[in-house]
Amino acid sequence: METSIWRPIIYLVGIMAFAGVNAAYLGWCERKGAGRIQRRPGPKEVGPAGLLQPLADGIKLMTKQLLVPQGVDGIIFRVAPVIAMIPAITSMVVIPFSGNIQARAMELSVLLLFALASLAMIAILLGGWASGNKYAIISSARAVSQNLAYEIPMLLTVIAIVMISGSMNLRDIAIDQQGGFWHWNIFRFENGHFLYMWVGFIIFFICSIAETNRAPFDMAEAESELVAGFMTEYSSMGFGLFMMGEYLNIVVGACLTATLFLGGWDCPFGQTPGVWWFLLKIYILIFTVIWVRWTFPRTQVYRLLNLSWKILIPFSLVNVLVTAAFIKVF
Amino acid sequence: MSGYWSDILVGSKSLLTGMMITAREFFRPVVTENYPYEVPVMTERFRGHIELIPNEESGKPNCIACMACQRACPSDCISLKGSKKEGDKKKSLDSYILDFTKCSLCGSCVESCNFNALRFSKEYNLASFNKDDFIIDLLKRLEDQN
Amino acid sequence: MTLPVELRHDETFVLNLGPQHPATHGVLRVKLTMDGEYIVHAEPVLGYIHRMHEKIAEAGSFPQFMPNTARMDYLHALAFNHGYALVVEKAAGIEVPERAEYIRVITVELNRIASHLLWWAAFLLDLGGFTPLLYAFDDREKVLDLLERITGSRLTYCYMRFGGVYNDIDDEFIAGTRDFIRRLRSRMPRLYHDLVTHNIILIKRITDIGFISAEQCRRYGATGPVARGSGIDFDVRKNEPYSVYPEFDFDVPVYHECDSMARYMVRVDEMEQSMRIIEQALDKLPDGPVQAKVPKNLKPEAGYYYSAVETARGSLGHRLVCDGGKNPYKLKLRSPTFSNLSLFGEVAEGMLLADALAFMGSLDLVIPEIDR
Amino acid sequence: MTILEQTQAALAPLFPAQEEPPAAAEPEGEEPVEAATSPAERRPGVATTEYSRQGYHLEVLCEPGQLVAVAEILDRQRFFIESIAGVDWPKQEQLEVVYDFTTYEAEPCRVAVRTVVPRTAPLVPTISGVFSGADWHERETFDFYGIIFDGHPDLSRILLPEDADFHPLLKDYMP
Numbered sequence: 001m002e003t004s005i006w007r008p009i010i011y012l013v014g015i016m017a018f019a020g021v022n023a024a025y026l027g028w029c030e031r032k033g034a035g036r037i038q039r040r041p042g043p044k045e046v047g048p049a050g051l052l053q054p055l056a057d058g059i060k061l062m063t064k065q066l067l068v069p070q071g072v073d074g075i076i077f078r079v080a081p082v083i084a085m086i087p088a089i090t091s092m093v094v095i096p097f098s099g100n101i102q103a104r105a106m107e108l109s110v111l112l113l114f115a116l117a118s119l120a121m122i123a124i125l126l127g128g129w130a131s132g133n134k135y136a137i138i139s140s141a142r143a144v145s146q147n148l149a150y151e152i153p154m155l156l157t158v159i160a161i162v163m164i165s166g167s168m169n170l171r172d173i174a175i176d177q178q179g180g181f182w183h184w185n186i187f188r189f190e191n192g193h194f195l196y197m198w199v200g201f202i203i204f205f206i207c208s209i210a211e212t213n214r215a216p217f218d219m220a221e222a223e224s225e226l227v228a229g230f231m232t233e234y235s236s237m238g239f240g241l242f243m244m245g246e247y248l249n250i251v252v253g254a255c256l257t258a259t260l261f262l263g264g265w266d267c268p269f270g271q272t273p274g275v276w277w278f279l280l281k282i283y284i285l286i287f288t289v290i291w292v293r294w295t296f297p298r299t300q301v302y303r304l305l306n307l308s309w310k311i312l313i314p315f316s317l318v319n320v321l322v323t324a325a326f327i328k329v330f
Numbered sequence: 001m002s003g004y005w006s007d008i009l010v011g012s013k014s015l016l017t018g019m020m021i022t023a024r025e026f027f028r029p030v031v032t033e034n035y036p037y038e039v040p041v042m043t044e045r046f047r048g049h050i051e052l053i054p055n056e057e058s059g060k061p062n063c064i065a066c067m068a069c070q071r072a073c074p075s076d077c078i079s080l081k082g083s084k085k086e087g088d089k090k091k092s093l094d095s096y097i098l099d100f101t102k103c104s105l106c107g108s109c110v111e112s113c114n115f116n117a118l119r120f121s122k123e124y125n126l127a128s129f130n131k132d133d134f135i136i137d138l139l140k141r142l143e144d145q146n
Numbered sequence: 001m002t003l004p005v006e007l008r009h010d011e012t013f014v015l016n017l018g019p020q021h022p023a024t025h026g027v028l029r030v031k032l033t034m035d036g037e038y039i040v041h042a043e044p045v046l047g048y049i050h051r052m053h054e055k056i057a058e059a060g061s062f063p064q065f066m067p068n069t070a071r072m073d074y075l076h077a078l079a080f081n082h083g084y085a086l087v088v089e090k091a092a093g094i095e096v097p098e099r100a101e102y103i104r105v106i107t108v109e110l111n112r113i114a115s116h117l118l119w120w121a122a123f124l125l126d127l128g129g130f131t132p133l134l135y136a137f138d139d140r141e142k143v144l145d146l147l148e149r150i151t152g153s154r155l156t157y158c159y160m161r162f163g164g165v166y167n168d169i170d171d172e173f174i175a176g177t178r179d180f181i182r183r184l185r186s187r188m189p190r191l192y193h194d195l196v197t198h199n200i201i202l203i204k205r206i207t208d209i210g211f212i213s214a215e216q217c218r219r220y221g222a223t224g225p226v227a228r229g230s231g232i233d234f235d236v237r238k239n240e241p242y243s244v245y246p247e248f249d250f251d252v253p254v255y256h257e258c259d260s261m262a263r264y265m266v267r268v269d270e271m272e273q274s275m276r277i278i279e280q281a282l283d284k285l286p287d288g289p290v291q292a293k294v295p296k297n298l299k300p301e302a303g304y305y306y307s308a309v310e311t312a313r314g315s316l317g318h319r320l321v322c323d324g325g326k327n328p329y330k331l332k333l334r335s336p337t338f339s340n341l342s343l344f345g346e347v348a349e350g351m352l353l354a355d356a357l358a359f360m361g362s363l364d365l366v367i368p369e370i371d372r
Numbered sequence: 001m002t003i004l005e006q007t008q009a010a011l012a013p014l015f016p017a018q019e020e021p022p023a024a025a026e027p028e029g030e031e032p033v034e035a036a037t038s039p040a041e042r043r044p045g046v047a048t049t050e051y052s053r054q055g056y057h058l059e060v061l062c063e064p065g066q067l068v069a070v071a072e073i074l075d076r077q078r079f080f081i082e083s084i085a086g087v088d089w090p091k092q093e094q095l096e097v098v099y100d101f102t103t104y105e106a107e108p109c110r111v112a113v114r115t116v117v118p119r120t121a122p123l124v125p126t127i128s129g130v131f132s133g134a135d136w137h138e139r140e141t142f143d144f145y146g147i148i149f150d151g152h153p154d155l156s157r158i159l160l161p162e163d164a165d166f167h168p169l170l171k172d173y174m175p
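Protein chains in written order, with our numbering: chain A, 1 to 330; chain B, 1 to 146; chain C, 1 to 372; chain D, 1 to 175.
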């Protein structure tokens, strides 16, 4: 069709808009949510219920000066926030929002997502390194070790999913789970046998929190230890882009969790599936992430690595083995 | 090894309990006082900056310029002048300047006053860009109030 | 668990923690020599808000220094009021009416609860948990409202006078205090303990962190919850009873683990003990005046005087030297956190940065009190 | 034996000349008056003080040279250091240092150790080798009074700025 040229443009605009709105309003949601949990109203002055707050924040950030301190690596310092945004937005391309809303259904989309997730860590490393600030460098080093440690269990759980679905295409994985919540990977019944995939789901969810550097695993930001971590020297939109990148990573993480474990756009009761179900699922997941953040204190670096190496990795390995055995036997 | 499993079990349970608590609080009403819209009532003993007490009949300050408050003040905030007017029995106040920039709201002045001439005001919205706003002429303040 | 330090290379760097840093709760600077995330050497640098209170004391008369005492430890201001009042009363031989003593104890203990609540909140903030802060503030607000009711201010009270207290308490205050105790008792287990104390992240985070032996405490003169977390049963209220404390039945919580968790538990338990004291004091509250007759121009006899009180952070001492004049000739304030913080350098060596900050939080620092 | 008596006994050998007169001879009420106006006039020795009035049990007046020995004895008696206070006596041309010790034991026992040095050469040996906590207290006293603690590992300004050239608690200091 002649729409072939329009398709990428529509999707590009759509994804950008989705990303922008999410990045802006997740900040608002987070503040409102935190407020309610702490029994205060949250932002409420700018617009009704503070709904215009993200706009005000955005204008404020954009009109401020991007301070480039003396002695920083000017180019990398400026580029790092942009690099933080690229993987977050690019990841959206392969996410199937519903049966017919997806920018590009790639065969190896899971692989692409993980490759991009590693790139997000590079941005933190570059930003922290270029700042020439000791807090920022400590923060970068933490972020790298953390991301390395948590990618392994995350990948292992995904391998189990890929084995069940027999595909690395997110669309296929989602389609494989259609038809009500008992078909979803998290509650999966296979030939009358219960696959303990909820273990994988919990591991994956913990890892996605850790991968996005969210509390209680926000070692890289750790505002009471490292001031603001890798963002210490950033002001204006440099800071703004990092923040947006962080929120978008959460969105991508939630999308991935929803697709892999919660049946994508499937309706839990086996009725008409649709994009609304998908959005509902991801926002429930995002709310949980916010909820977790405002409940727990931060962990410690070696506790975090202990959790990964001593608990999550063994569990995910066993998970892969058991899944493989089930698939082979039944 | 038993520590390993119990850590996981007890730990997960404690985490879930924590999440339940924050969830419960999420649905409870907010406790914030909406400050500029809801103005708190100051308690009876609230120690704001001081003000002069007017005489119930004449409306003039009760102060007889005995200087007790000036002496009691630890930070030299108070400077007052008084003189004996024609026909009066007691001295009366000419000026009473409170330098609120130095005041630590300790209340020594009110306590030292034996003539029921000083009290704490209930004013707490004290903010200004100008330092001179806090050098308060209490006599004038009293006149403005009347 | 403090990991053993192995310096594989001598590439250390200096990290200036503060004077403006979220974890120092004020303007404290700690000069850290780091090897990666390990601390090789830690040196607190003090004095950023030093105000020379001791000179101010010498410049004014005895009552004129009273407002300043509340400005040192702004979290437990009433204990500082109390300590100063006690030493001057001792020097001048002033008897305090019994009702005033009871009121002093009630208000000081209320203030101690407020102080511990704030410590609890701020400690959690150090550990990255923001929500407990607001829950604790919600409760602390109730205490401040009560204290504001009777003292007229919320933080820097200046409530005590030589020979008594400024104002009497009223029935509404008593009812409010009982309500508050009931409220805190019900919130304590369900909110504070379930949300935080039993939380696995917190337990793992502060158990075995910041080990202070009893001998270290003694060498550095640590007091208060820091010493009591190291198994030392020392509380000025029990060891050297002052005011009407001997009349009350309360325990001194002591933990022998010597780590941050022990100090945490000491403070949490102390809140309960303070509530017990307040309840007993309210029950026994006698009638009578709240202020003794005190000469206007106070001139204590020349001599050397010492008096100690237990603040929320430890033993606060006042060393007063009088020369018979109406000003204190010399007033030395022994602030508890000054001694407690001097431990920091020795203990923090070899710790990870994050652990050292958790440890620093467990010391409960109030910087104006250290710097005076 | 109570801690008080033990400490007294342990400290006694340091002051051989002054065994007999300490507490018995002088009535307590007047003693501090005398001491306050002229700290140098009293001879070195150990004396009990009236706890209810002065807030401490034992007062040790010693020569600066005896300080470390006193501190070591107190250390052996499991005391800890509470504070170090300087006092300026310009009329007598003297500076006084008051050390406060107390114990964690259930039985209260506070010991004040006082020593005087000439104002022109304020040199006192450090006890930071005995009590690590004395380190900061000595620095503070140096900071405020200019008293030099001989042998202190790092006698620098602690509360005042590093480059301060004054000692504010001296009576003749005017800002």
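No lab work stands behind these hints: they were computed from the structure.
Fair warning: this is a prediction, and the values are worked out from it, not measured in the lab.
Every residue gets a Cβ at the ideal spot worked out from N, C-alpha and C, and that includes glycine.
It is possible that part of the hints are untrue.
[Stated by the list, open to error] With a Cα cut of at most 20 Å, we get these calculated PhoX-like pairs of lysine-lysine:
no., chain 1, residue 1, chain 2, residue 2
1, B, LYS102, B, LYS122
2, B, LYS13, A, LYS310
3, C, LYS55, D, LYS91
[What the hints assert, rightly or not] Derived coverage of chain D by chain C (criterion: at least 3 residues anywhere in the stretch with Cβ under 8 Å from a Cβ of chain C; other residues may be distant):
no., stretch
4, 92-104
5, 148-159
Taking the hints in turn, this is what the structure says about them:
Restraint check: the Cα-Cα separation between LYS102 (chain B) and LYS122 (chain B) comes to about 19 Å, which is no more than 20 Å; the hinted pair holds. In summary, the hint linking LYS13 (chain B) to LYS310 (chain A) is supported, as the alpha carbons are separated by about 19 Å, within the 20 Å threshold. Between LYS55 (chain C) and LYS91 (chain D) the alpha-carbon distance is near 19 Å, which keeps this suggested pair within the 20 Å criterion. Figure legend: the stretch 92-104 of chain D, annotated as covered by chain C; annotation consistent (4 residues with Cβ-Cβ distances under 8 Å, at least 3 required).
Figure legend: the stretch 148-159 of chain D, annotated as covered by chain C; annotation consistent (3 residues with Cβ-Cβ distances under 8 Å, at least 3 required).
In this structure, every one of the numbered hints holds.
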